[in-house]
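K.L.:
For the protein sequence lines, the chains are A and B, in the order given.
If you count by our numbering, then the first sequence holds residues 1 to 200, one letter each, in order.
If you count by our numbering, then the second sequence holds residues 1001 to 1200, one letter each, in order.
These aren't lab readings, by the way, just hints derived from the structure by calculation.
Being a predicted model, the structure only gives us computed values, none of them experimental.
Among the clues, some could well be false.
Distance condition first, Cα-Cα at most 20 Å in a straight line; then the derived SDA-like pairs of lysine to any residue [claimed, not checked]:
1. K27/A <-> D1112/B
2. K22/A <-> V1107/B
3. K200/A <-> N1127/B
This is what each chain is made of:
2 protein chains.
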Amino acid sequence: MAVKDSVTEQQIKDAAKKLFFKEGRFKATTQEIADAAGVNRTLVNYYFRSRDVLFDLVLKEAKESMTDRLKSSAGEENIPFRVRIERFIDVALEHSFTYPYMDVYLVSRMNDDVNHQNDVLANIKKNDDLKKFLKMVEEEMNRGTIEKMPPIQFLLNMMSLLIYPVIVQPLFKKILQYSDRQYQQMLTERKAIILKMLMK
Amino acid sequence: MAVKDSVTEQQIKDAAKKLFFKEGRFKATTQEIADAAGVNRTLVNYYFRSRDVLFDLVLKEAKESMTDRLKSSAGEENIPFRVRIERFIDVALEHSFTYPYMDVYLVSRMNDDVNHQNDVLANIKKNDDLKKFLKMVEEEMNRGTIEKMPPIQFLLNMMSLLIYPVIVQPLFKKILQYSDRQYQQMLTERKAIILKMLMK
DNA sequence: TTATTGTTTGACATTATTGTTAAACAAAAG
DNA sequence: CTTTTGTTTAACAATAATGTCAAACAATAA
Chain A
1 MAVKDSVTEQ QIKDAAKKLF FKEGRFKATT QEIADAAGVN RTLVNYYFRS RDVLFDLVLK
61 EAKESMTDRL KSSAGEENIP FRVRIERFID VALEHSFTYP YMDVYLVSRM NDDVNHQNDV
121 LANIKKNDDL KKFLKMVEEE MNRGTIEKMP PIQFLLNMMS LLIYPVIVQP LFKKILQYSD
181 RQYQQMLTER KAIILKMLMK
Chain B
1001 MAVKDSVTEQ QIKDAAKKLF FKEGRFKATT QEIADAAGVN RTLVNYYFRS RDVLFDLVLK
1061 EAKESMTDRL KSSAGEENIP FRVRIERFID VALEHSFTYP YMDVYLVSRM NDDVNHQNDV
1121 LANIKKNDDL KKFLKMVEEE MNRGTIEKMP PIQFLLNMMS LLIYPVIVQP LFKKILQYSD
1181 RQYQQMLTER KAIILKMLMK
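Go ahead and model the full structure; you've got the sequences and the hints to work with.
P.N.:
What follows is the structure, encoded as structure tokens:
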């Protein structure tokens, strides 16, 4: 038995994630992924059976990463709502610096999946954290610290303000002639702006 | 000479647009496009030389459609800023009902292009309407009707609040168990909400 | 040492899709 | 009527990527 155990398997998955989420190379072939992992191409088939299985696995982990981020804002502790939102913004920004292309990968693939009846989306609905968060939002509206509206609209606003600028990063960087550094700086500036827009 | 002139060419382009922007089938093959247009597959090559030429053409038109929408808000007429924003929201919402997948197609393709050094993005920067719009935003901030911030952040906020919910439509429809009709309804409700968030 | 087990590799088969070409076709012009 | 021009078609070639398989390999267990 080799010492490596399943190091190779992890290397392949990590290489795929790096290509997708850090470099935005969504059309990477198995050959390119194998090269990035420094292994033979057929090992992708050996460990994951098929390209699609690997891709769906990576997509699943991206999806989980997203719900985890929401969890960080809806978590159990008894902290003020404003702090929750701040925490969510911090987590989301930090995440977008590490994986600038994950969100756009998600929306692209979700779209494909709806057409291809994959069930990657299937188990999303049973999301208790979402319900919990929406309930907190409603309470906060009754308390008067945020504008009254259907709670789902508050969630949409928050996600929009945070994630859209990350998704359109390639486009806007070109339009504004910003460097990576400058764009990140601008995203960071958004924390205060977003907070002001969300809270009264 | 055939009576049809270049009807076929238009049929193919329209079929591609329909598949991409209305149905979200971004991975459509030339065969599928030809089928949707009701013509022989090789006519795609006859009229457009290659698949990529057709795809880039369609992308270019989508890009123009986007800048046109911005123009509708930065246009010459001397109308109040608030009305401009209202008009932009109306145009954007209407557009999203007709072509629900155009925005996500844009961000997906932009991303590919950055990696593939296509120059579809090349001529975007010379966008006078953008500058004009940002200038108006700045004036409005001095007038005190909108919160002070770097004007580009105002633009980002507006685009985010409008377009993100359209981009994540497939995902959110699933999560919320909404029908097309319900989701559209929710998007329409956003007009008042977005206006309130953008203007003091 | 030699089985055994899991891993890695290269050669090959398969598949899917695009692009090319020459011939058939249709309609108007000469 | 036949020539010309542009359009359409089917057959074929080229390409690129995935997936399979048997053999080679490495390391431990027997």
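K.L.:
Quick check: which numbered hints come out false for this structure?
P.N.:
Violated hint (a single one): 3; every other hint is consistent with the structure.
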